Amino acid sequence: MNARTEVSEAQASEPRGEVVSLRPTEAPQPAKSHMGHIENLELKIKRTETNSGLETQAFYGPGDVKIDYERDLGDPGTYPYTRGGYPQMYRSRMWTLRNIVGYGAPEDTRDGWEKTLAAGGTGLDTVVDSLTQHATDPDHPAFYKEVGLEGVSLPTVRDVQILTKGIDPTKVDIAWHWAILSYPMAAAAAIRDGYDLAKLQGSNMPDYLKLNISGYSDLMPPEMGHKVLIDLLETTCLTSPKWASGFPQGYDYREAGATAHTELGVFFAIVIKTLEDLTARGKVTVDDIAPRLAWVSSSDIDFFEEIAKFRAMRRMWARIMKERFGAKDPRSMRLRVACHTSGRSLVYKQPLNNLARVAIESVAALLGGVQSLEACTYDEPVSVPTQEARELATRTQQIIAEEVGAARVADPLGGSWYIEALTDKVEAEAYKIMDQIEEQGGILKAITSGWVEGLVDKYNFELHKQLENKERIIIGLNDFVPDDDPPTRRFSFDRTNVEKHVRRFAELKQQRDNAVLNERIRTLYTTAKSGQNATWAMIDALLADGSIGEVWGTVRMAHGHSYDLFRAIETPFDLKGL
Amino acid sequence: MDVRETARLISRVESGDEAVRDRVKALYRQGGRARIVGISGPPGAGKSTLVDQLIERYRARGLRVAIVAIDPSSPFSGGAVLGDRVRMARHATDRGVFIRSLAARGALGGLTAATGDVLAILDAAGWDIILLETVGVGQNEVEVMRIVPAVLLVQNPGDGDAVQSVKAGTLEIAHIFAVNKADMAGADKVARNLQEMIAHKARQTSEGWEEPVLLTEASNGRGMDELVAAIDARFAFLDANPDLARREEKTRLQARIKELVTQHIHRRIATSVKNGGMADLLDAVADRVQDPHSVAETLFRDITA
Amino acid sequence: MQNSTTRCILGMVGTDVHSKGLKIIAQVLRDEGFEVIYAGDHHTVDSIVSAAIQEDADLIGLSFSSTAYVDYTLEIVKALHERNADDIAVMIGGQIHPDDHKILYDGGVGGVFGPGFKMPDLFAFVRECGARRRAVNA
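As given, the protein sequences belong to chains Z, D and F, one line each in that order. One point on numbering: in the numbering used here, the residue at position 123 of the first sequence is 123, and numbering is uninterrupted. One point on numbering: in the numbering used here, the residue at position 131 of the second sequence is 1131, and numbering is uninterrupted. One point on numbering: in the numbering used here, the residue at position 74 of the third sequence is 2074, and numbering is uninterrupted.
The shape of chain Z in the complex, shown without the other chains (with noise of 0.2 Å):
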């Protein structure tokens, strides 16, 4: 996949001396046959506890729940939606079926997803490459290597637009898997195409505290990033009401290692805390905010705690909804989630497993009420998707929705004892969590003091002397681990496109009018500074042609950080005077 560059040709003949390697002395062996031996198996039970660490009985009847239906179950459609968002369910709408498709320079994206659109996908879902993430240029000094592996490049608005020709953003429904400037972008791009913004569609997924805790803690300071998002919410909510708002998005702080009562305790403290600011303002209620709001969530393997962790969770936002923040509209109280089964999950060895635990883990997605679902493809973790293995993940959906029946009846699982004692057990839980928050001075303090990422280091640690004690088993990882590695293909493109990309953006920076680009960005810098909302400052930059390394940069300086991330460029404008 990576093409010999000039400096692994150099080195190839330069003997590094008195180094220790590990380079296999022998010539490979041939191949072993796939297929490990099966012994008769006598399968023992090690663990009672759930994922998470919850632990289990070996039954549940009706002395383990006090159930009152009417109060913490409600009919599906009916609050607190424990049991479900819609009366009907899949009946009336079938959940999404969400097929991610990014990479390389916008026109590469742009042929992937006409062959989605040809195979039968309903929406359109793009992730965007590592740089675009941390709003980071693609002829940034010391990260070009990676502009357009596992996303798309879209550093400008232009690439928005050749991403999106010809299709009506207030008719097609496009899903941005990205967050910082994903609205701005594709606002600007609007704009510029000519579609009203008050008829705009499309989602994001906005959570810039998430990106603080799951795993780049510099990327996001917490004081910046949770004004920047009110902002953006208040614009995003006045300016496209038929724009969701993918927020929280918990998906990648739980593959970093959260727990499914982690999730709800952390999210729910931030959802809380992102409400009371936004609607102090006195400009978005309740009601006009949180009905454009949908949780982004993982399906990881535990199928029982899965359930029980989306029924605990739309249990707790209805309630939060009503008596924290006096919401009326029953839009604002009824959860929608959005689900990726989780890649964490899934095993480098003998990767066909994964196609079990893909499937386990979308039926728990479905009996869970989900809105809509994204199957990780099988190779995972072994290579970015080959386009069988993505066919694959589409087919297990299919198979879900037509064959198995799980989406013929809402809540299935709902008046299991289990289920529901399981429900209960998560949330409470996850109240912990939020109490222990609120401990710490708030969710903004325990975020930026570490402790919220503290959580996701335990879990890992714990995580991994259990297996290396085997008191918990994954199979093809630390058990019946097959000697021989996953068959090599990988996914490769042609990198032509994404060459001519980065020249072109470059010609960009050239041609533009540099004069009318400065204007606007220190508009952008004085209007950040001041503490006013600066999201329409950040679209007018965008307008001019600003690239998302320069616009995020200035908002950064403006809130007293470096313009670059990685502090190896700084800022190219004139912000003399300001």
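Keep in mind the hints are simulated off the structure, nothing from the lab. Please note that a few of the clues may not be correct.
What the hints assert, rightly or not - Calculated cross-link-like contacts (lysine-lysine; reagent style DSSO-like; alpha-carbon spacing at most 27 Å): (1) Z:LYS349 with Z:LYS458; (2) Z:LYS349 with F:LYS2118; (3) Z:LYS66 with Z:LYS432; (4) Z:LYS171 with Z:LYS199; (5) Z:LYS227 with Z:LYS576; (6) Z:LYS322 with Z:LYS242; (7) F:LYS2118 with F:LYS2102; (8) D:LYS1025 with D:LYS1258; (9) Z:LYS465 with F:LYS2118; (10) D:LYS1201 with D:LYS1189; (11) Z:LYS46 with Z:LYS470; (12) Z:LYS46 with F:LYS2118; (13) F:LYS2102 with Z:LYS349; (14) Z:LYS445 with D:LYS1189; (15) Z:LYS445 with Z:LYS432; (16) Z:LYS458 with Z:LYS46; (17) F:LYS2118 with Z:LYS470; (18) Z:LYS432 with Z:LYS458; (19) Z:LYS242 with Z:LYS227; (20) Z:LYS509 with Z:LYS165; (21) Z:LYS273 with Z:LYS432; (22) F:LYS2118 with Z:LYS44; (23) Z:LYS432 with Z:LYS322; (24) Z:LYS458 with F:LYS2118.
These numbers were taken from a predicted model, which means no experiment stands behind them.
Starting from the known structure of chain Z, arrange chains D and F on it as the hints suggest.
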């Protein structure tokens, strides 16, 4: 001495390599220019974030800054995770900043001696400011601060930390106190407690020097300019009182030299009492045939003969 | 006690955010008695090499889950060479594809620990890097 050479020399000194001893002796004699500041405090007080801010300010003045960050070794495995430099990562490519992480290496002891040598190396290599950061948890880590002329103690605003510092003896060795994360509840109270304890100290850390207690928020830079000013004031005080400064220096050196002598003795004992000789001696004492004093006297005679 | 004088610096280069595995490795190596300098993520080639030299590490351990690891790793080996630090070994782990082993070893990488690697092999390699450098310095 370039960075590579400095770093390698530090490694050899750390591992007790006697072959570089002469080199280190010469380097000590060449030094004396660098301003050395010690930063200690309980875990979680935000020391590394604070150090990161100090680096920024010193660099803005054009000063070259070296940081030695000491973390404890695991008492079980002898290993360590040294994670301080992550908090200073933004200075990673600044050639005017040198960051070195050291593990306390527990039972091997000699932390003070090794650290003294590391400081001598960095001083001679031309670094203007040397920041020595330790986690003030163990006796060793507290002791090492005795060799530094300006010691900053960083506290948490949480309860109980002020009491901890009294126990560990850090109250007597700190010249400046900072209550960090000052936006949190309890910060003012801790600052007041510290001021009271300082006023009632049995012995002054530095005669004539009034220890300031500052409130800081290293994560956003508040109070940091005042902290730098307090450190400047400490050095100005020493410059203005050369006799006092010299007396203190000599006391510090005495501590270092004492530890070096102790190290020598331990090494000599180890080499002179071989082949189970020590075990035999210990058996004799355990059987009450010999007593501890007599054995010690014998050993001392043997190694000084 | 032998292990405790082996210094290994662990870090990630590029915009990869998946640092959780690396944190586990840091703790595991510590529990095995090694000294681990945890340098964190989002390094450039220059910053991780500078850190390794300042720390006089016996080896650099890099973790990758993005696909640009061949380019980054070989650049690091090259930078070590240019800065006269050839004796610092390089090992990488994470989502390393078996097809890339040859180009990595040819390029000067000492150890590749892809998915499914065994901890004892990692320990042996780290130990060997420390021992080798001590022998050279003696």
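How the hints compare with the structure:
1. For a cut-off of 27 Å, the pair hint linking LYS349 (chain Z) to LYS458 (chain Z) stands: about 26 Å separates their Cα positions.
2. Pair hint LYS349 (chain Z) plus LYS2118 (chain F) holds up; C-alpha atoms about 14 Å apart against a cutoff of 27 Å.
3. A distance of roughly 20 Å separates the Cα atoms of LYS66 (chain Z) and LYS432 (chain Z); the hinted pair therefore holds under the 27 Å criterion.
4. In summary, the hint linking LYS171 (chain Z) to LYS199 (chain Z) is supported, as the alpha carbons are separated by about 8 Å, within the 27 Å threshold.
5. Between LYS227 (chain Z) and LYS576 (chain Z) the alpha-carbon distance is near 25 Å, which keeps this suggested pair within the 27 Å criterion.
6. With a C-alpha separation of about 23 Å, the suggested pairing of LYS322 (chain Z) with LYS242 (chain Z) holds against the 27 Å cut-off.
7. Proposed proximity of LYS2118 (chain F) and LYS2102 (chain F) is supported: the alpha carbons are some 20 Å apart, at most 27 Å.
8. With a CA separation close to 16 Å, the supplied pair LYS1025 (chain D) and LYS1258 (chain D) stays within the 27 Å bound.
9. A C-alpha spacing of about 14 Å is found between LYS465 (chain Z) and LYS2118 (chain F), which places the hinted pair at or below 27 Å, so the restraint holds.
10. For a cut-off of 27 Å, the pair hint linking LYS1201 (chain D) to LYS1189 (chain D) stands: about 18 Å separates their Cα positions.
11. The straight-line distance between the Cα atoms of LYS46 (chain Z) and LYS470 (chain Z) is roughly 9 Å, inside the 27 Å bound, and the hint therefore holds.
12. With a CA separation close to 23 Å, the supplied pair LYS46 (chain Z) and LYS2118 (chain F) stays within the 27 Å bound.
13. For the proposed pair LYS2102 (chain F) and LYS349 (chain Z), the alpha carbon gap of about 21 Å is at most 27 Å, so the pair holds.
14. The suggested pairing of LYS445 (chain Z) with LYS1189 (chain D) holds, with an alpha-carbon distance near 20 Å, which does not exceed 27 Å.
15. For a cut-off of 27 Å, the pair hint linking LYS445 (chain Z) to LYS432 (chain Z) stands: about 17 Å separates their Cα positions.
16. With a CA separation close to 22 Å, the supplied pair LYS458 (chain Z) and LYS46 (chain Z) stays within the 27 Å bound.
17. For the given pair, LYS2118 (chain F) sits about 15 Å from LYS470 (chain Z) by alpha-carbon distance, which is consistent with the 27 Å threshold.
18. Of the supplied pair hints, the one linking LYS432 (chain Z) and LYS458 (chain Z) holds, its CA atoms being roughly 17 Å apart against a limit of 27 Å.
19. Restraint check: the Cα-Cα separation between LYS242 (chain Z) and LYS227 (chain Z) comes to about 23 Å, which is no more than 27 Å; the hinted pair holds.
20. Of the supplied pair hints, the one linking LYS509 (chain Z) and LYS165 (chain Z) holds, its CA atoms being roughly 22 Å apart against a limit of 27 Å.
21. With a CA separation close to 17 Å, the supplied pair LYS273 (chain Z) and LYS432 (chain Z) stays within the 27 Å bound.
22. About 25 Å separates the Cα atoms of LYS2118 (chain F) and LYS44 (chain Z), which keeps this hinted pair within 27 Å; it holds.
23. Restraint check for LYS432 (chain Z) and LYS322 (chain Z): satisfied, since their Cα atoms lie roughly 20 Å apart, inside the 27 Å limit.
24. Taken as a hint, the LYS458 (chain Z) and LYS2118 (chain F) pair is honoured in the structure, with Cα atoms around 22 Å apart against an allowance of 27 Å.
Comparing the model with each numbered hint stated earlier shows that all of them hold.
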